[in-house]
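> For this one, chain Y is given, so just place chain V on it according to the hints.
For the protein sequence lines, the chains are Y and V, in the order given.
The numbering of the first sequence is UniProt numbering, which starts it at 1 and goes up by one.
The numbering of the second sequence is UniProt numbering, which starts it at 1 and goes up by one.
Quick caveat, the hints were computed from the structure, so don't treat them as lab data.
Take these hints with a grain of salt, some might be off.
The list cannot tell twin chains apart, which means a pair is met if one copy fits it or any two copies do.
[What the hints assert, rightly or not] List of simulated lysine to aspartate or glutamate pairs, DMTMM-like, C-alpha gap at most 25 Å:
(1) Lys489 - Asp710
(2) Lys813 - Glu846
(3) Lys851 - Glu774
(4) Lys813 - Glu868
(5) Lys767 - Glu868
(6) Lys489 - Glu681
(7) Lys649 - Glu624
(8) Lys521 - Glu702
(9) Lys687 - Asp517
(10) Lys851 - Glu731
(11) Lys851 - Glu272
(12) Lys931 - Glu272
(13) Lys225 - Asp175
There are 2 protein chains.
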Amino acid sequence: MATKKKAAKPAAKKSVKKAAKPAASTEKKIKYVYTWGNGKADGNGSMKALLGGKGANLAEMTRIGLPVPPGFTITTEVCTYFYGHKKTYPAVLQAQMESGVRNMEKIMGCKFGDAKGMPLLVAVRSGARDSMPGMMDTILNLGLNDQTVLSLAAATKNERFAWDCYRRFIQMYGDVVLGVQKAEGEDHEPFEVVIEGFKHEKYGKDLVDSDLTAEDQQELVKRFKALVKQRTGKGFPNDPWDQLRGAAGAVFGSWMNDRAIVYRRKYNIPAEWGTAVNVQAMVYGNTGDTSGSGVAFTRNPANGVNEFYGEFLVNAQGEDVVAGVRTPEPVALMKKAMPKPFAELMKVRTILEKHFKDVQDVEFTVQEGKLFMLQTRNGKRTAAAALKFSMDMVKEKLIDWKTAVLRNPADQLDQLLAPIFDLAEVKKAKELAKGLPAGPGAASGKIYLNADRAAAAAEKGEVVLLVRNETSPEDLRGMIAAEGILTAKGGVSSHAALVARQMGKVCICGASAVEIDYDKKTVTVSGQVFKEGDYLSIDGTSGTVYGGQLKTAPSEIITGIVSNDKAAQKTEKFKSFLQLMKWCEQATKMGVRTNADTPEQTRIAVAFGATGIGLTRTEHMFFEGDRIDAMREMILATTLEARKAALAKLLPYQREDFTGIFTTLKGLPATIRLLDPPLHEFLPHSKEQQLDLSKKINVPVEKIIQRVHDLHEFNPMLGHRGCRLGIAYPEITEMQARAIFEAAADVAKKKIKVKPEVMIPLVGFQKEFDLQAEIVHRVAKEVMSEKKVKFDYQVGTMIEVPRGALTADEIAKGAEFFSFGTNDLTQTALGVSRDDMGAFLMPYIENEVFKKNPFATLDATGVGQLMETAVAKGRSTRPNIKLGICGEHGGDPDSVKFCHTLGLNYVSCSPYRVPVARLAAAQAAIEEAAKAPAAKPAKKAAKKAAPAKKAAKKVAKKK
Amino acid sequence: MATKKKAAKPAAKKSVKKAAKPAASTEKKIKYVYTWGNGKADGNGSMKALLGGKGANLAEMTRIGLPVPPGFTITTEVCTYFYGHKKTYPAVLQAQMESGVRNMEKIMGCKFGDAKGMPLLVAVRSGARDSMPGMMDTILNLGLNDQTVLSLAAATKNERFAWDCYRRFIQMYGDVVLGVQKAEGEDHEPFEVVIEGFKHEKYGKDLVDSDLTAEDQQELVKRFKALVKQRTGKGFPNDPWDQLRGAAGAVFGSWMNDRAIVYRRKYNIPAEWGTAVNVQAMVYGNTGDTSGSGVAFTRNPANGVNEFYGEFLVNAQGEDVVAGVRTPEPVALMKKAMPKPFAELMKVRTILEKHFKDVQDVEFTVQEGKLFMLQTRNGKRTAAAALKFSMDMVKEKLIDWKTAVLRNPADQLDQLLAPIFDLAEVKKAKELAKGLPAGPGAASGKIYLNADRAAAAAEKGEVVLLVRNETSPEDLRGMIAAEGILTAKGGVSSHAALVARQMGKVCICGASAVEIDYDKKTVTVSGQVFKEGDYLSIDGTSGTVYGGQLKTAPSEIITGIVSNDKAAQKTEKFKSFLQLMKWCEQATKMGVRTNADTPEQTRIAVAFGATGIGLTRTEHMFFEGDRIDAMREMILATTLEARKAALAKLLPYQREDFTGIFTTLKGLPATIRLLDPPLHEFLPHSKEQQLDLSKKINVPVEKIIQRVHDLHEFNPMLGHRGCRLGIAYPEITEMQARAIFEAAADVAKKKIKVKPEVMIPLVGFQKEFDLQAEIVHRVAKEVMSEKKVKFDYQVGTMIEVPRGALTADEIAKGAEFFSFGTNDLTQTALGVSRDDMGAFLMPYIENEVFKKNPFATLDATGVGQLMETAVAKGRSTRPNIKLGICGEHGGDPDSVKFCHTLGLNYVSCSPYRVPVARLAAAQAAIEEAAKAPAAKPAKKAAKKAAPAKKAAKKVAKKK
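Okay, chain Y solo, but in the shape it has when bound:
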């Protein structure tokens, strides 16, 4: 084999220079390469935006003296440049990379491309700000070629090792950088086909790679290179610098591959962030039995237990651990196999946690008894583990309580509240369909396709799942009776999802593989037919539908809080949860109210810490029992007198509801919205129901049909609803105001404080508000005088159409509070119907028109702008105006944080979302406070880092 005498030198600058002409002068000053090694680093752990997570933490580990092989990071700015300049690099990059390589060479005492002595080999890894599947991951052993493989063999005196490295390198590089991959129609990876072919050809059988000899590996190198030539038309790059530039290009290129794009979309990572490239000197876990590689968490990320947790493989490179070719062993067993490196690792574990003050997810390699750290990052964790970590670390004085609050991701908190399926059962169960996870938790029950039958079955003691194409207010009875709800249509903010979240029901929406035949009373899922009464199981956390019955267990937090279960209250999980909520209370500026329509919902929400009711939808009350008949009578009335007579029947019901709610609230405020939905929602739409109603209330069925027809609307969302009803029929407003105030008076007389806040819905014009408020104020006065009792009350409005926001200064002249109805405000501001969005949601998500579903997370740019306007204008005429939000967004952490920045007084959400909102609100307050005096804590952190560094140095010295 011919060997060249000189170390490889940067040869192919041509393309780089050519491409980078335009902005060369300014780029010269920019530092694109950050080196680390031997206790020193250009970067540090705080520079994740520039260096990526991996690069920043490698620099940080180096700085605190941990044993990290030297290397350098090509910054994310190069990625941005790359995509901004037709996939070329800044002119100065090559020189900076050369300087980076020289630094590695100095520390490692060997040369990149050295064909004489031990060559410097490098690993090239991607490293975005957040770790990201789908990106090109790792290329090991880069720098090998037909010459350096020989010097490697000579230097290590291990020919087999050298050729194995080279063979692996060609395979990895050929696959990832050169794109030699399984083509359409091929069953296996082409390199694997070559290996298998060789094995059969030479040995007549399959054998493990480690049984291949040095000669075998050498032969495979030859065949691999031929394969590359055949597939790409070019030879495998021999120049290590060509290899390096190629690998860096592949990393940057992978930033825009499909999987990466899909992932970013899912987790809302902006494409602008870009990725960094890390080039690091190779250390070898595959040099024999005193070497090895492993991955581990400093604590158990599944349940939070404080134990070192991970896997380890003797005589293996890092990717072998994850690749699953050999089964790795629990990392604890390393203690016996390699006691010294393991002890060092335990010290590193302590140093890392002390330094990063969080549970770390690390990769390491042991090369001939010496430990090297290859990566550290904050470990991903379940909600339960996050809770335990945060509690334990406060006790350990690693973090303060505010940090503990921040450590619990608000959007995962409901995992803690949800019932779960027994994991063993899930493994056996058949996954039939997927839908949108609309109400977290697990439910297993007999399916019913209609509210009445579902309710009847539940009364008989059956556990029921209500399965519908979609739900409407008429299904409410069935939804209440059901353990879980499954719909074939509708999104995460459909009626079913909204009600399910409010009630804390398990719910999957829009499971389009579910076909429902109402006539035959069957549900067909993926070809399997289920009759009414058959079992289905739904996991509302993941959106999965299973056939048959699976065992579930409720969360201790739910039973402890909602059912006041003493045993549950003694569990660590429950206590931790309470502690977390207590801390939230301490941190929070914004109140968290609840959307509740019944005393029971109110009770639950208050138990979860709600500071009042932000929204009572009075119309939900009209669907219970006989009430709907009186309601329908009212709608069918043709004279004012008849309408008033029907309303008089509804009054006592409403009063009773409000009495219950006020009594439960014990002085907490209750925002009660006057009738909002269009009247046709209350009328029966099937001929059968219409005939029924006709008999019941003695109105000719033709008249009912006619009225249904008259009330039909093309766009009911923008139709005769909200205050438009109260203005057309002031007597409805009058009845509702009377019911509210009579209830308030009755409760106040029992020496229980009441704070009713009457909310006029859908106000876009000052006059609308004034007309309705006048009635409310008049009735309040009347009732106080009739009942001879005084109580405080307020009249305000829901800001839910853009014009309301735009004229908030005028409306605030009369309105004492605004509550942002962000569901409708989003529908109107965006001109998007929540119920019809399904048709274009997918292309909108795919094309990144919607970065997030605007009905799940507030569109801060558009809807948020209207809210800002409304806040500013509202306060301009009424400085002390009370401001809140009662749309579904009130339970979404990001939206809650946005509301905090707007300075709202409270958010309101469904009872079971109250803890989530409280956590998000607390986090927003803590984050805001942290931003204000930014300099101080930074210094503190630097100070704290010092002892960690000392301890780490000790570890490093021992090696």
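Frame of chain Y; chain V shown alone:
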């Protein structure tokens, strides 16, 4: 009869003082009473806001030396005070009124309440800024009581006259001020009952009032006073000051009576304006045959002819002329009866027109040969008269051409274009129903209830009216074929109205008395049944439906412009119209484009002066002939290939349409909107049509039904439409872009300039625009390269959802123009569905929530605010962005003026609205220019007033 020696003095100050305590100190300085008389006046003609129209003009006439009886005006501020202070007056008012009365006494040489000499009697009249029916009008002869009636009799030596005046006064005052009116269940006015009773009692028969003797009148006074006592429980006020204050209170009170409120609502007069009260010394037209009263216009207000035009009654007070008890004579006859006063009147006529520079509507009284002017105001006029006045006055050098432009009310201009019914026939015809006037003009034809039959009948040469509950795009053929359209449902901006206006069809919408039975093919209106083929006649200017056939005549302007009729073009009306449009051209800053979908519509609009197309709705093109089948095939396609194949069939049709339009435009720009409506609008919804389609395109009917079902939307307005279609199906955008650009290329090759502007509809997110614009730009490039021709084009968007306006800065990065789609922007900003608004429109108008229908006139406060934001933001990133409006508001004068203030480049409206928009745009520009150098023209006006004053003095002296 007992007589008191002293003149009545202000007695009842008590209530005034008591009520006015709070703000007395500041009020003292305010001037609440403005006097005039004897050539001097506190006020002048420009003070209409403070003095009302009548008061300001009485002051002005006095100032220019015309013979006006002295008096004073109580300002509109007192009205505001009155309603702001529980119907009481400012404390200082009484003193100021006393001083006003003293001024009259001095000029008239007699005293208010004088029981010895000739008493001063006064007339009390209301006077708002604009004259307003429904307000309390006039009380004459105030100041009479049991004492002054005697002194009046003595001074005039006419006992009968004195008692007649007194009797009239009690009747008027009793009715208007004291509320002695016909009660429920009564058939006649109570005072009339007393008179009739007396006549029969004494004479045993009916006789005219003038036959009653002084004694009779005296007896009636007694009986009238008894009636007042009986009805009100109080005696008739004897003190003239009590009478005066009572009358003023009645005027102010009438500002809020039902009729006045209804009128204000109709004409959008704000309630805040208030009314003034005018108190004027009485002159008597009823003292004998040398006296009389009259009303007249200085020119003919019906046809514009320059002739003195009015009515006159000898020996009568003013209200006799209007009351219709005696039939007045044409004012021209006065020349013979009273040559001297008539000659004076002719001089006054000239002075008035010279001074006010407009046609005046005057009231006058002749008292014993002496002329007195009681009122002047600008005369109301028809559109035809306005046109002639303005042309004539420019010729007479009374006004300049800019003033002439302002003198033609833009909202009446379409009267000039509309065909009209023969007036004689209308008088005979039976008015069957009323609906909303949605397309001006008159049409008479055979009714058809379905588009196909209407089209078939039209082909046979029948004149057709299409009668439907509502129309949809499927009815388009029938609408084109019909002379007029009548719908039972829908508002002035329903589909029917929109299309009718665009086509210039006569249209009445929402005539709810019209009941349609599609099965029986009958229309029942007010009990009368019409079969298909029977005649109905509709007046779309007034909204009236008549039974049977009425003769119509087309407007000369239409035949002159649209049909190029030479005879019509020679008429004065046509020439005046052209002159007006020429002046508009000179004044206008803003362009006026048209909304047109066909070459024919384009041709008409360009003939009317359109400067291009502001909106071509491509979807209208899909309904013609076979196209709809290809469209449906496209919608029913399940694969991309099938969809592309169907689109390929549509391409040549679209290209052909665009070719026609570009050719007609000859280089004027054309904004073409890509497909906008939801796809389900194109599918057949009846089973029959679905079966038809199934056979035609060979797709199973079940599949069609399923697709219709799948495409159903709850709120289609907010659903899968606009650019959401193009993003889900980029191939549609591609086809449309290709059709546009291929047409552009073909026409450009013929050396005809083309300026296509491709408009992406319903954009709310920058990304939406960018995704679609990318396709359009790519196709443009492709086509230019394929066809080897270059042409300019632009890509822009419609701003029609609030988010689009709020993020206009982002969108403008790519968009070269914005066109405000104010129909949808109004729907979304207000959260109001145009199609469903009918249910609450009436209570909203009645309660003044909507001051104007926001779909007819832009809601400047709400929607306008969004437009302002979009204009500012759009210009912030693209300073030269082209801005227009293509919503229906583009043809509404007020909205056009608002667009002018926003600085839009153009408005766009339906072809027949182009002249209206041109006129409004010109007026906006002229008004704006007039505002800028405000000081100069004011001086000029004062200067010009001087000679008029001299001339007037001459007239006055002669008397």
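> Now, for every hint given, state plainly whether the structure supports it.
Here's how the hints hold up against the structure:
1. For the homomeric pair Lys489 and Asp710, the shortest alpha-carbon distance between copies (11 Å) is at most 25 Å, but the shortest distance inside one copy (27 Å) is not.
2. In this assembly of identical chains, Lys813 and Glu846 lie within 25 Å of each other by CA distance solely across copies; the values are 22 Å between and 44 Å within a copy.
3. For the identical chains of this complex, Lys851 and Glu774 are inter-copy neighbours only, at 20 Å across copies versus 43 Å inside a copy, given an alpha-carbon limit of 25 Å.
4. Taking the shortest alpha-carbon separations for Lys813 and Glu868, both the intra-copy value of 18 Å and the inter-copy value of 24 Å come in at or below 25 Å.
5. When the C-alpha separation of Lys767 and Glu868 is checked against a cutoff of 25 Å, the pair qualifies both within a copy, at 22 Å, and between copies, at 23 Å.
6. Proximity of Lys489 to Glu681 under the C-alpha cut-off of 25 Å is found in both arrangements, the shortest distances being 19 Å within a copy and 22 Å between copies.
7. For the homomeric pair Lys649 and Glu624, the shortest alpha-carbon distance inside one copy (14 Å) is at most 25 Å, but the shortest distance between copies (55 Å) is not.
8. Only between protomers do Lys521 and Glu702 lie at most 25 Å apart by alpha-carbon distance; the minimum there is 21 Å, versus 30 Å within a single protomer.
9. In this homomeric assembly, Lys687 and Asp517 come within 25 Å of each other (Cα to Cα) both inside a single copy, at 19 Å, and across copies, at 22 Å.
10. Taking the shortest Cα distances, Lys851 and Glu731 sit within 25 Å of each other only across copies (24 Å), while inside one copy they are farther apart (45 Å).
11. Taking the shortest alpha-carbon separations for Lys851 and Glu272, only the intra-copy value of 13 Å comes in at or below 25 Å, while the best inter-copy value is 48 Å.
12. In the homo-oligomer, the alpha carbons of Lys931 and Glu272 lie at most 25 Å apart inside one protomer (24 Å), although the nearest pairing across protomers, at 51 Å, exceeds that limit.
13. For the homomeric pair Lys225 and Asp175, the shortest alpha-carbon distance inside one copy (12 Å) is at most 25 Å, but the shortest distance between copies (113 Å) is not.
In the structure shown, no violation is registered for any of the earlier numbered hints.
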